[in-house]
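Peer 1: These are the residues of each chain, in order.
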Amino acid sequence: GAVVSQHPSWVICKSGTSVKIECRSLDFQATTMFWYRQFPKQSLMLMATSNEGSKATYEQGVEKDKFLINHASLTLSTLTVTSAHPEDSSFYICSAQRRGGSYEQYFGPGTRLTVT
Amino acid sequence: SQQGEEDPQALSIQEGENATMNCSYKTSINNLQWYRQNSGRGLVHLILIRSNEREKHSGRLRVTLDTSKKSSSLLITASRAADTASYFCATVRNSGNTPLVFGKGTRLSVIA
Numbered sequence: 001g002a003v004v005s006q007h008p009s010w011v012i013c014k015s016g017t018s019v020k021i022e023c024r025s026l027d028f029q030a031t032t033m034f035w036y037r038q039f040p041k042q043s044l045m046l047m048a049t050s051n052e053g054s055k056a057t058y059e060q061g062v063e064k065d066k067f068l069i070n071h072a073s074l075t076l077s078t079l080t081v082t083s084a085h086p087e088d089s090s091f092y093i094c095s096a097q098r099r100g101g102s103y104e105q106y107f108g109p110g111t112r113l114t115v116t
Numbered sequence: 001s002q003q004g005e006e007d008p009q010a011l012s013i014q015e016g017e018n019a020t021m022n023c024s025y026k027t028s029i030n031n032l033q034w035y036r037q038n039s040g041r042g043l044v045h046l047i048l049i050r051s052n053e054r055e056k057h058s059g060r061l062r063v064t065l066d067t068s069k070k071s072s073s074l075l076i077t078a079s080r081a082a083d084t085a086s087y088f089c090a091t092v093r094n095s096g097n098t099p100l101v102f103g104k105g106t107r108l109s110v111i112a
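So the protein lines, in turn, are chains A and B.
Per our numbering, the very first residue in the first sequence carries number 1; after that it's consecutive.
Per our numbering, the very first residue in the second sequence carries number 1; after that it's consecutive.
No lab work stands behind these hints: they were computed from the structure.
Do not rely on the hints blindly, as some may be mistaken.
[What the hints assert, rightly or not] Not the full set, but computed from the structure, chain B residues with beta-carbon under 8 Å of chain A:
hint : residue
1    : 54
2    : 57
3    : 85
4    : 88
5    : 105
Computed from a prediction, not measured in an experiment: that's the story for all the values here.
Glycine included, C-beta positions come from ideal geometry on N, C-alpha and C.
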């Protein structure tokens, strides 16, 4: 158990358009989901913490109006990159923490975003 | 922000040798976790060690934690070519729903 999926796995979009990335916990309920960004050959940087039914908490330097996060249910969180620019090209990874479970986070397979 | 540093940044060894990666962190923690990432893929959780534990084993993996030095090490014994990946340590500062703070990672190459 504890499978997290992301959709799409990769996406190419034109500069100025918006892209939505979904993160789903398939076999458990997740009250908290986290969104990370990873540039090539670098580590994961936390972008925001998403709690079901409340507003996301963004890390310093992450524009909340550009990276819209919606955690509408206990199994789904979405990240929308609005007005994407080439510098937003990155690997976006979500993780989910099981409701009432241990500290372990379960990671999705990631979404590769390329903005042309 | 990142919690700390992994050492070395890159490591290349022959198959069958042991690989040791170190991680240092800056703040007090509740637990420390090690993850593996194959190139361009998601993360795989390897092992979690709590702040009151000093050593933990899982298969060919051995993790140590020294909270006085704020450091941890990951040892992979009898390495295989399939162990080639990036390895990250990540810390959890408090109990509850707090995010992982990742180190910079070590890129391990195991040559057959």
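Peer 1: Does each hint hold? Answer for all of them.
Peer 2: We went through each hint and held it up to the structure:
Hint on residue 54 of chain B is violated. Least Cβ distance to chain A is approximately 18 Å, over the 8 Å limit. Using the Cβ-Cβ criterion of 8 Å, the hint placing residue 57 of chain B at the interface with chain A is not satisfied: the shortest such distance is roughly 18 Å. Interface restraint check for residue 85 of chain B: the shortest CB-CB distance to chain A comes to about 13 Å, outside 8 Å, so the restraint is violated. Using the Cβ-Cβ criterion of 8 Å, the hint placing residue 88 of chain B at the interface with chain A is satisfied: the shortest such distance is roughly 6 Å.
Because the closest C-beta pair between residue 105 of chain B and chain A is about 5 Å apart, less than 8 Å, the hint holds.
Checked against the numbered hints above, the structure breaks hints 1, 2 and 3 and satisfies the rest.
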